[in-house]
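Asker: Start from the sequences and build out the full structure, keeping to the hints where you can.
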Amino acid sequence: MWKAISKYFSKYPSQAKVARLLLRNGLAVRNGKIFASTVAIADTALARAAEVDRRVVKSAIETISSDKQLSKFFSKLLPTNNFKDVAPVMGWSAIEIVSGDAHQPGILASVAGIISESGISIRQTIVDDPETTEEPRIFIITESTVPPELIPRLRSAKGVKSLTIY
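Take the sequence shown: its letter number 163 is residue 143 in the working numbering, and every next letter is one higher.
Warning: the hint list may mix true and false statements.
Stated by the list, open to error - Derived DMTMM-like pairs: lysine to aspartate or glutamate, alpha-carbon spacing no greater than 25 Å straight-line:
| hint | residue 1 | residue 2 |
| --- | --- | --- |
| 1 | K52 | E123 |
| 2 | K138 | D109 |
| 3 | K48 | D65 |
| 4 | K(-3) | D33 |
| 5 | K(-9) | D109 |
Unchecked claim - For each label pair, taking beta carbons as the anchor points, the in silico distance ranges come out as:
| hint | residue 1 | residue 2 | range |
| --- | --- | --- | --- |
| 6 | V69 | V19 | 22 to 30 Å |
| 7 | V107 | T18 | 37 to 45 Å |
| 8 | S96 | T18 | 17 to 25 Å |
| 9 | G6 | D47 | 18 to 26 Å |
No lab work stands behind these hints: they were computed from the structure.
Nothing here was measured: the structure is a model prediction, and the numbers come from that model.
We treat Cβ as the ideally placed atom computed from N, Cα and C, and that holds for glycine.
Answerer: Right, here's the structure in full:
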């Protein structure tokens, strides 16, 4: 996905930085403004986060808005809740998985199968996009704590390079 989008910003690396940040955080561009769902985000706030001048943010918005395909794509983005840090507070577990090859099919299915066989319900799963994240991760939030005896099975699941439980 990023490969298709990045071609629009090949001559403007600073704008590409902004576009990547929008994509990674699910921030939409609509009517010349940036939104997290229905909440408007100030250009200056995004500029600080992307470590660029606010004029670069304005230019990136113009680039996105002026192209029908880009505009259509970026207008539909939505941010997503991530319960990873909340899980321990709620008595849940957060499982963080790094794979050897994020493009390998079946990693999530393998881990989810082990969790399901153990009678543990999955509350949330978030998978980083391997094209927008250097070392993509899978986050699985379970409705109860993961028992210690399950950890070796999860570590040996298909495609799991490393596993951390919070």
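Asker: State for each hint whether it applies.
Answerer: Hint by hint, here is what the structure shows:
1. K52 <-> E123: violated, 36 Å
2. K138 <-> D109: holds, 18 Å
3. K48 <-> D65: Not satisfied, since the Cα-Cα distance of roughly 37 Å exceeds 25 Å.
4. K(-3) <-> D33: Holds, at roughly 11 Å.
5. K(-9) <-> D109: holds, 24 Å
6. V69 <-> V19: 22 to 30 Å: holds, 24 Å
7. V107 <-> T18: 37 to 45 Å: The hint (37 to 45 Å, Cβ to Cβ) is violated, given that V107 and T18 are roughly 25 Å apart.
8. S96 <-> T18: 17 to 25 Å: Violated, at about 35 Å.
9. G6 <-> D47: 18 to 26 Å: About 20 Å separates the Cβ atoms of G6 and D47, which means 18 to 26 Å holds.
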